[in-house]
Structures are given as C-alpha cells and as structure tokens.
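Q: Here's the letter readout for the chains.
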Amino acid sequence: MEYLLFIVSDPAAPEYVPEEDNIEEWSADVESRGAARVGNRLRPPTDATTVTVRDGRTILTDGPFTETKEWIAGFDLIDVADLDEAVDIASKHPMARFGRVEVRPVWPFE
Amino acid sequence: MTVLPTATEVSDVLASAVADERLRIVATLIRRTGDWELAEDALQDAVAHALTAWRRRGIPDNPAAWLTTAARNAAVDALRRRATERTAAGKAAVEVIVDLAEERARSLGAPGEEPADGVFDDDRLRLIFTCCHPALSLEARVALTLRTVVGLDVSEIARAFLVAESAMQKRLVRARARIREAGIPYRVPGPERLPERTDGVLSVLYLLFTEGYSGSAELIRVSLADDAIRLTRLVASLMSDSPLLPEVLGLLALMQFQHSRAAARLDAHGELVLMDDQDRRRWDATLIGAGVATLAASESARRRFDGVAGPYRLQAEIAKHHATAPSAESTDFERIAELYARLARVSPSPVIELNRAVAVGFARGPEAGLVVLDGIDDARLSGYHLFHATRADLLRRCGQEAEALAHYTRALELAPSDPERRFLTRRIAALRAATSEAG
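Protein chains in written order, with the numbering used here: chain A, 853 to 962; chain B, 20 to 458.
No lab work stands behind these hints, which were simulated from the structure alone.
Among the clues, some could well be false.
Said to hold, decoys possible - Pair ranges (Cβ atoms, derived): (1) A:GLU922 / B:GLU211: 23 to 33 Å; (2) B:HIS288 / A:VAL958: 56 to 66 Å; (3) B:ALA67 / A:ASP881: 47 to 57 Å; (4) B:ALA196 / A:ALA880: 32 to 42 Å.
Please read these numbers as outputs of a predicted model, since none were measured by experiment.
All C-beta atoms, glycine included, are put in the ideal place defined by N, C-alpha and C.
My request is simple: use the sequences and hints to build the entire structure.
A: Following this line, the structure appears as structure tokens:
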C-alpha cells in the first residue's frame, strides 16, 4: 500500500535540536526496506502561490495567508505492507519528535 | 431407524458449539476473505442452516467441524453471489473471485500451517489485536470487539452504550471501512510493538469490564463484565508464552476480585454501598479464590520471564488485600498504601495518589491522609468528585464538620451518576444531623 507522509511543523512540539536530527539514518532505513518512493522538504508557505479559477478567470495569490503556525514542511511517499509498517516508519522520522507526521493512504483512481 | 433430536436438543448442542467455536470460525474467515461482514453473515447462515439440517438429519458427530465447514461454504457462496450480482460477465467473474479468495487463503496459509509472523499465529488473537488497533477510535475498538470478538448483536451493544441501534450500526460500518481503507493489518504485532499494543488490548478489555460493572442493573451490562473476564482468560491462554503474560493475568485477577463484589455493591433499593459497608458474606468466595490463584500464576509467570510487576498486577494485589480481609477494620491498609506508592511509580496518576491518601488515612489516621492529599499537585483533580468526597471524608473523621460539608457539597455538584449523587446526599444529611445533635 502507498502512503503519503505529511511532515507537519507544530509550534507546540519540543524545540528542534539539530544534533538529534537523524534524517539520514531514517532515509537509509526507508531505502533499505525498499519502501522509498519520493520525498522532499518544502519551502515555507510564504513562498507558496495559491491558484483559484472563478468564472473562467485564474487568480493567483502569494501564500495562503493563514495565521496558522502549522504547515506542511515536507512529504514522503512510501510503499509498504500495511499501516503498521507506515506508522513504524513515520514514528522514526525526526519530525515525529519535533513536529507531527500525518499518515494518509493514497487513494488511487480505479 | 435413527431417532431424530428434539428442537431443544438441537438448540442446546448448537448453542454450545457456537459458544466454543464462533470466535475461531469468524476470525479465520476474516483472514481468508478480508471481509468482516461477510464472515459474520456466513456464521449466521451456518447457524440457521444447522437448526433445520440437524432436526432433519440428526446432530452430526462433530458439531463444531460441521459448523466450521458450513460457515466456510456460506462464505464462498456469498462471494459467488456477489460476483454474479456485480458483473454482467457472470460466470467468468465468479471463477476469478473464488480463485482469488482461494489463492488469498492459500497465500495466507490454512489454519495451523501458516508461516508464523512472530510468535503468534492464532486467528483469534489476530482478530483481537486488530479490533483493538490504536488507529481506531476507542469507541470503534469497543464496538468492534463486542460485535466481532464477543459476538453480541448490534442491538445489544447499542443498548449497553445507550445509543440508537442505527448509530451503533453506522459506527461498526465506519470502523470496518477504516480497517480496509487505512490498511490496518490483520495480525499480532511483532515483538517491538507487542508490549504497547498488548496494553491497548488490555485497556479495551478493562473498559468492557468496567462498562459492565458500572452501576446499572441491566442484565446486558452484567454479562459484559462476564464477557470481559472470559475474553481476558482467552488472551492469557493464547499469550501463555509471552513475557506480557504476567500483566494479562494481573488484569484477569483484578477483574475477578472486583467482580466478586458485584452482588454486594447495591442494596435492596438499588443504592450504592461502599466497600467498607458491604456485607462480606455476599462476596463471591469462588471468584475470590480464582483471583488469588490467578495472581499466583501471574507471579510465577513474572519470575519465569524475569519481569517487573505492571500496573494491572499491582492493582490486583491491592484488590486481593481488600477481598481477603475478614472485615473492613482488619484490612492491611499499610500494605495497600505501599502498593499504591509502587503503582504511582510505574504509572504516575493523580487518581492513584488520591487512592493512596485514602489508604494512608485508614492506616495512619485521617490527618496523615490529608497530608498526602495536600501533596497532590494537580489541577485536574479539583473537578473530580471523588477528590472532594475523599477530602470531605478525611475532614469529617478529623472532626472538621464545616469544611467536610463544603467538600461533600462540591462532590455532589460534580458527581456523574444518580447512585453516587444519592449516596452523597445521604452523607450530607447524616453529617448535618450529627452536627446539629452535637450543637
């Protein structure tokens, strides 16, 4: 099953400690399981562009302008046996400690 | 010519075969088909079929095996029907679906011959761990466990939890859909996750038990407590080779001790009776004996696996001291206070500290109890009725009636159930009467 892990920043989480960031070890583990598909960090919402089409007109706005301090800081697409394995991988991601990881099953088009 | 069985004979044998085999049949069918509703329906079909077939042809030599085969056939029939309904191509699709189901069954292995993933390869345990998966809401876990593991009807579960049957049905449909869509696996987790996941299973079992135990005289709720005990015993037997066994047995013993007081908890008018005031002759001596034996088994398992006593085990020890004391006065509260202190170390909680204050209050006097109570630094307790009731009781015993009254009144405002409110109202009335006599 494919799952998309949303790496979410969380202001209520413990402060980020660079020395405790084991992202490389994590990537190597996901790689060695054969679960890794694609993943990356994302630039912050201030660099985002929001696109809406209304009455045939395309409107662009810079950033979503939400007040929230919680935003998606990265993503990882993984292919694993089941939710337990997805949770296992998510729980080892450093941002599970310094933020949150949301695990969503991919819903493919039939 | 064979003599055909009577309807009573058939239903008796059938009831006992269902009681023995239901869980195993449903759990295996779920593994083979991946479809929870289909598995439950197939068993129901098999039971209906047995009622008529056994009347007509006699009770089979091995009713359990008969039932298992009939349920499996009903499941395959249902898969066939479904395929025919869904596709115009009909027959071709039927073969595919049945092949798929059989291939799936083969790849997962037949019972007893599947490759063990970890230590546990029992379908019943798989089903229990899946129903209690932490990715499901607690409500969903409880509902699924009662429906699929215990085998209660949706209407019975709805009544026990005071919700409409349609709402409970929806909850179950959602829970099963979530297992499918979120990819919750049908298995017992590996050694790394087993301790925390077993805790999760035990907490669902204990919740079933306390739900059955809490107040209401409704028959269905009493049977919930019995079901929880039965299920915990089953989990213990299925996990007899696990280092988690001592804690499973600890929970079982705790339930046995608590359940031994069921008959004495309410008086003739349905009013709550505190343990100290209960008629100990009405305690179930057989269950207390069973609890003592379970606790001993837990201790020998703990030695075997070289583990430490967990929270359920410690609570069971405490319950044993209460259950085996000849009277409230002769209870070993010093030892109980000590056990609460150990319990607070393995699972810190203000409620445990509160209980320790009660025990200290009996062991070394109400003033000492108040000292412990004052030491609890937790804002959450101020909204907890038992915190105020405990303080009130200790104050009353110290002779500080006015303060005691104030706390009883606060406890009354916060109390969540009618029997508790009536109990506190009686306490307040008694204290007022005593104070006015003295004054």
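Q: Hint by hint, say whether it matches the structure.
A: Structure-based check of all given hints:
1. A:GLU922 / B:GLU211: 23 to 33 Å: 30 Å, holds
2. B:HIS288 / A:VAL958: 56 to 66 Å: Because 59 Å falls inside the window, the suggested range holds.
3. B:ALA67 / A:ASP881: 47 to 57 Å: Roughly 51 Å apart at Cβ, these two residues keep to the hinted range, so it holds.
4. B:ALA196 / A:ALA880: 32 to 42 Å: Given range 32 to 42 Å: holds, Cβ gap about 35 Å.
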